[in-house]
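Got chain X sorted already, so can you dock chain S onto it with the hints?
The listed protein sequences derive, respectively, from chains X and S. Heads up: the first sequence runs through residues 11 to 448, numbered per our numbering. Heads up: the second sequence runs through residues 11 to 448, numbered per our numbering.
Be a bit skeptical, because a hint or two may be false.
Copies of one chain are not kept apart here, so a pair can be met inside one copy or by any two copies together.
[Claimed, not checked] Derived pair list, reagent style DSS-like, types lysine-lysine, alpha-carbon separation capped at 27 Å: (1) K18 x K327; (2) K375 x K43; (3) K351 x K306; (4) K326 x K398; (5) K80 x K399; (6) K351 x K67.
Hints listed in this document are in silico derivations from the structure and should not be mistaken for laboratory results.
2 protein chains.
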Amino acid sequence: MNDKVEPKTLPGFMELNPNDQVKFDQMKETIAKSYERFGFLPLDTPVIEYSEVLLAKAGGETEKQIYRFKKGDTDLSLRFDLTVPLAKYVAANHNELAFPFKRYQIGKVYRGEKAQQGRYREFYQCDIDIIGDGSLSVINDAQIPSIIYNTFKELGFDNFTICINNRKILNGLFSSLNLSEFATDILRIIDKIEKIGVEAVRGELETLGISKDSIETIINFVLIDGNVDEKLSALNELGIENSLYNEGVNELSSVVEYIRLLGVPEGFFNVDLKIARGLDYYTGTVYETFLNDFRKLGSVCSGGRFDNLAEYYTDKKLPGVGISIGLTRLFYQLNQMNAIKATRTSISDVLVIPMSQEDVAESLKVASKLREEKINTDIFFEDAKMKKKMKYADKWNIPFVVIIGEEERKSSLYTLKDMESGEQRKLTIDELVKFIKL
Amino acid sequence: MNDKVEPKTLPGFMELNPNDQVKFDQMKETIAKSYERFGFLPLDTPVIEYSEVLLAKAGGETEKQIYRFKKGDTDLSLRFDLTVPLAKYVAANHNELAFPFKRYQIGKVYRGEKAQQGRYREFYQCDIDIIGDGSLSVINDAQIPSIIYNTFKELGFDNFTICINNRKILNGLFSSLNLSEFATDILRIIDKIEKIGVEAVRGELETLGISKDSIETIINFVLIDGNVDEKLSALNELGIENSLYNEGVNELSSVVEYIRLLGVPEGFFNVDLKIARGLDYYTGTVYETFLNDFRKLGSVCSGGRFDNLAEYYTDKKLPGVGISIGLTRLFYQLNQMNAIKATRTSISDVLVIPMSQEDVAESLKVASKLREEKINTDIFFEDAKMKKKMKYADKWNIPFVVIIGEEERKSSLYTLKDMESGEQRKLTIDELVKFIKL
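Next comes chain X alone, as it looks inside the complex (with noise of 0.2 Å):
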């Protein structure tokens, strides 16, 4: 007889075994505690929306992998981003809220993407948005490398790269060429640059009819290496006569100088010209990090400066800046290659087993005293063997165990078992919460 269902999770949705949830769960907690380090408020929108709402900017691809359905007769979708409610609960609440709006949010948001190795479907973002009323200080944009420095330097990383551009840099340029028409066509090749080659980005320009010389003057300036100062004396000093270029320019100096002044370290962020950021609406400084040892990740914390966060909803002009970090790609991706510096590996701190049902009472106490003093307590209270007790501790991580049996009760020396040496001692109640805590 067989009339069960088969117990299976979808595609694309990624559903941890709890030791690694662990690991997940530290790395969020970290970035949440990093963001708040940094005077950002939590918001926990719906993951459910009205589709009028939801898809008031959207278009194309967004539109194709949305989660879109009908509840009665109302038209929802579940949120694709995190960007889009924001800027809906903003335009709402403007008059509640005080400004500039530095908001944080963390939470899964659903595409129905071709499903594929690491790509997911259900993922988790972690965003942090800076909005002024009406307008925001350049200051904010250097504020974001120094919480990028701060999160990932959190998370155990010591060799990564906050790259930094401004995107009216770029569109200066192309304006002092005559291009600004071909300008989104320019940086959405531009961005390839990294992928695909300097090679297959000339072609791709060539195809836009643009003529060489341009081409040529294009790779050239993005290419444009060194250090950070070097690359903006370069930029000064290429003599290109275009106020956009010129306000870009200064825009990054500023940055630039106030990165240095919230002690962002030399080494951990750069000038890249190449970094134009796929997405539209990006206007001034857009961001991309890497981690050195795994560049092949791509950008893992990208951003940028856009001019009007909620257009779509109030007339009201919303400047903002912001990054998100997309985890669930990152924890799959670190932890296929064994690289999440997690610090935290188990919930319980100790696995108390009683020796036989005798036994029960005083191990009940004896873990009853451990959690007050803060420890994590885990009791086995099952009639097993020792050694399927031992495999239970084994299997979650935990680091020791207290044996409690007929000798125990009556001396009130516990017996201590460090799971990872196997050195066992005998101690006393006092003892073992020291012991543990160490």
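Okay, now just chain S, sitting in the frame of chain X:
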């Protein structure tokens, strides 16, 4: 011109302002930490599942309320609780787990209920379950109240009662009265006694065609009064000869004995024979929890023992015991009554305010230093009147403001303002750190 989309949120979907979200998040984190204190492992199953999997067991009301839709040819549903996904997970990963499997999950679930005040269509459940492989010791049933006790204490409550009953006792009683065929109906009716009163319960029982004598026996039984020990004595002295009844009384006595060993103080738990839990699947111990100062909220944490978690997916017998806190509704109600015991009311510990653009550099340095000391620090960069900057601190409940102007820059003595008392003092950076950390 008005081609704007109205930025509205769906009714029945909670969207808190950041100040409330801080309180909500603190409650959520407190619950998670309490669950971890007892060794429960985290799980984060998808929000979307195959309808076939999610609805294997469902029926009636649940099916009607579910958010169900197609993406391509795939029939999908949003989870309506966290128990069914757990059943799926355990059935699918049985060989990979060590039992008893103790998991917690805190996540949003979806029910398309009629929208009304305090009823949510998207809401957080905070669940723990202990799942045995084939069998599960009754001591686990005693651990649950100790977890409830710890959790609500940590949430800041000190006047609540965990009410415990055992379905076997009631079912044994019904059997001894030859009323087994009516058991489900009687349980359903008794469950409402607090809400509708004794008279109404009597009336409803009469419509089942039960004899007046039996009805009085049942009502007198569930209303047995006294403290824990008095009730247990009464249960033993009633002379009811029924094996299920006796099994239930023995289990309940054991649970009480172990609860005491686990250190739950008298007065925080009691036996309540009225508690039946409407849901069918509980088979032994059942729990409800009442905040005695807010009794009208009903039970804020309920659950019980069940024989078989995943029978729709596997032949394996997986008995379990668990509870759930409906956090969204609980938060809404407590917040309405100003009864949230949040100790955290702001994200930022301090707001740094440069008096003018000349003071920004110094302000960035001070902010970086504070953040290094793990102090959550916001900075107000925008050009604005001091009044507006103070309003910002006020709006987001930031307790301290550090003002940095020319004088402060020159003296390296920074003005700290206590936003509550209005007091100001001039402090060095080290004194600032110490003062804010207090």
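A quick look at each hint next to the structure:
1. K18 x K327: This pair counts as between: shortest inter-copy Cα distance 19 Å, intra-copy 47 Å.
2. K375 x K43: Between. Shortest inter-copy distance 20 Å satisfies the 27 Å Cα cut-off; intra-copy 35 Å does not.
3. K351 x K306: Close inside one copy (18 Å), not across copies (47 Å); limit 27 Å.
4. K326 x K398: So K326 and K398 pass the 27 Å test across copies only (19 Å; inside, 64 Å).
5. K80 x K399: neither (50 Å within a copy, 45 Å between copies)
6. K351 x K67: For K351 and K67, neither the intra-copy (38 Å) nor the inter-copy (41 Å) Cα distance is at most 27 Å.
When held up to the earlier numbered hints, the structure conflicts with 5 and 6 and fits the remainder.
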